[in-house]
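Turn these sequences into a full structure, and let the hints steer you where they fit.
In terms of this note's numbering, the sequence shown opens at residue 1 and continues consecutively.
One thing to keep in mind: the hints can contain errors.
Below, simulated EDC-like cross-link-like pairs (lysine to aspartate or glutamate); rule was C-alpha separation at most 16 Å, straight line [to be verified]:
hint	residue 1	residue 2
1	Lys196	Glu208
2	Lys139	Glu184
3	Lys151	Asp223
Just so you know, the hints here were simulated from the structure itself, not pulled from any lab data.
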Amino acid sequence: TDLLIAAFKFVRRFDTDHCCPSISTEIKPEWSADLRIVLLGNTGAGRSSTANSILGEKLFKTSCSANSQTVECEAKTKMVGGRSITVIDTPGFLDNKNPADTLNPKIVECIRECSARPHTFVMVLKTSKQTAEELQVMKRFEDCFGEEALKYVIVLFTHGDQLDDHTTIEQFVNKNEQLKLFVEKCRGRLHVIDNKYWNNSTVVHGDERSNTVQIKKLLNTIDQMMMQNEGKDYTKEMLRVVEKAQSGGQAKPVQNVMKMFLKTGAGVLLFLYKWLTRASRFLPRAKGALLRAINYVWA
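Now the structure itself:
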């Protein structure tokens, strides 16, 4: 893990000095103008209704049935508050045709074919009692996408009207240790809406139970997250890690990152740099271990 961190730091410095186009290190001045949001979650969580609430118009089909209305990834773009917002609605996160913990391959396909890379993943969950399957969605996301992707995740609960009048969404989350830990890994980015009852402009519970207010807060959180991420979006390099994890089955995300990275020119440069500057300090046995590691990466 330390080598991986050092590798990315080296490449970032190299890209800054030599203007390498493969990895962006500059904050684009227009980064806050356009916004690309991918909605993830299980069937019935309310992704399509959430997409409509974000865009302020019913552009995605919705249903009250237990069957998902979204079978293919679908994207809609609209000007909201003077900015172009693209929302990508996805099928159920887990693949119903395969074992319960299998990521739906259409999710990966959706991100790969997206003409512009997403700025954020919004994990849509219900405020009802957390089922094992819903908790599995969070675990599977982290297993497949890796902790790096959590820098781009916001947790959004739907059916906010089911919360007790004096219960905040933070208090609700703190009752479940797994859920609390996941939100903490997402740096506490947490929101709640209600796509049925809070759309009414005359909500009796006050502004906090208004989708208009909550969606503005959500967009503000996305802006803050983008600033923390220095304006970078979810890169294609990160996506390749997910695709390898899907095809390899047993390979862990960090191992996939290492193998993918070291097969790039920057990875080769890093190894050559380390070898030329520190080879004299290596014991023969350590050199042999390094060579075996290189052979493993290129296998």
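Hint check results:
{"no.": "1", "hint": "Lys196 with Glu208", "result": "15 Å, holds"}
{"no.": "2", "hint": "Lys139 with Glu184", "result": "14 Å, holds"}
{"no.": "3", "hint": "Lys151 with Asp223", "result": "13 Å, holds"}
In summary, this structure violates none of the numbered hints.
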